[in-house]
Amino acid sequence: MPATTPPPAELHRRVIDWYGAHRRTLPWREDPDPWRVMVSEFMLQQTPVVRVLPVFEAWLERWPTPADLAASPAGEAVRAWGRLGYPRRALRLHAAATAIVESHGGAVPGTYDELLTLPGVGDYTAAAIASFAYGRRAVVLDTNVRRVFARVVSGVQYPSQGVLRAERDLATSLLPEDDAVAAAWAASTMELGAVVCTARAPRCEACPIADACRWRAVGYPPHDGPPRRGQPWHGTDRQCRGALMAVVRDAAGPVAPELVAAAWSDAAQRERCLDSLLDDGLLDLAADGRLTLPG
DNA sequence: TATTCGTGGGC
DNA sequence: TGCCCAAGAAT
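Just so we're aligned, residue 8 is where the first sequence starts under my numbering, counting upward by one.
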């Protein structure tokens, strides 16, 4: 059967209705306070929901407002970040909280343009906060939404590596006019991509728009083109930096350099990564030569 | 535009 | 077992 493309309003209704019936209960959805939404979005950048949940709860209990976080040392944020990965996100969240206190009266701003000025907030996160926390109309284009559109509309398994102009135009053209409907559409398409239209084994039998999916209609052709590059890990600077950070993060106080050195055998790489961590502000060098999280 | 930046779980 | 992937941002 050919994929007949329903009118946009029909597509919106079916996906939003599906969301109403099947959406996961997540803490930042049950109480979409802007600061809670913002914290969740930072943590969810490249990190799965199940790993974020416990850290999110502890974080909000300790720092219920941006001002609370801004009043703590940045290093405490890095430590509370735990093993979520990409600890620069913790530093940027702390810096964003500071900017919110200094420039926005302590309240998370609600417009895309204001949000975009905050450290660690890019196109996706600005749109997500404006939409999920403030109910505003915004083009929320994350990896889930991109995959749904790639399959349903373009008939391909995966979206391109970067966001193309035509892709953004498509997402914009599909965005409902009304703010509340647009926000519901954003959340719904993301959820559909996250739990049904997944990267590896899509559950098309549970999809509310399977009959409208072009990829399905053309027989699920596999990705065609240059191989999708996996990120190398073993022996990389990222692995080294992670090992060094773990030593300091899990220590109660300042750490002797010999103890940090024991975490990575390649001396040249170790020194290079240590320098980069100091340069990034993820580590500080005390006067006595010991290493600490940033004050 | 292409790289870099952590971490861990599923297949 | 390795490989792929997960609500990206900054440069």
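Please keep in mind that the hints were generated in silico from the structure rather than gathered at the bench.
Quantities reported herein were computed from a predicted structural model and do not represent experimental measurements.
Fair warning: there could be bad hints in the mix.
Between beta-carbon pairs, the in silico distance windows are [what the hints assert, rightly or not]:
#: 1; residue 1: 65; residue 2: 221; range: 35 to 45 Å
#: 2; residue 1: 294; residue 2: 161; range: 56 to 66 Å
#: 3; residue 1: 253; residue 2: 180; range: 25 to 35 Å
#: 4; residue 1: 179; residue 2: 243; range: 31 to 41 Å
#: 5; residue 1: 221; residue 2: 261; range: 24 to 34 Å
#: 6; residue 1: 15; residue 2: 117; range: 24 to 34 Å
#: 7; residue 1: 30; residue 2: 109; range: 46 to 56 Å
#: 8; residue 1: 243; residue 2: 292; range: 16 to 26 Å
#: 9; residue 1: 176; residue 2: 218; range: 19 to 29 Å
#: 10; residue 1: 31; residue 2: 65; range: 15 to 25 Å
#: 11; residue 1: 218; residue 2: 250; range: 42 to 52 Å
#: 12; residue 1: 250; residue 2: 14; range: 18 to 28 Å
#: 13; residue 1: 283; residue 2: 118; range: 16 to 26 Å
#: 14; residue 1: 75; residue 2: 13; range: 44 to 54 Å
Virtual Cβ for every residue (Gly too), placed ideally from N, Cα, C.
Against the structure, test the hints numbered earlier, and report the numbers of the ones violated in rising order.
-> 3, 5, 7, 12, 13
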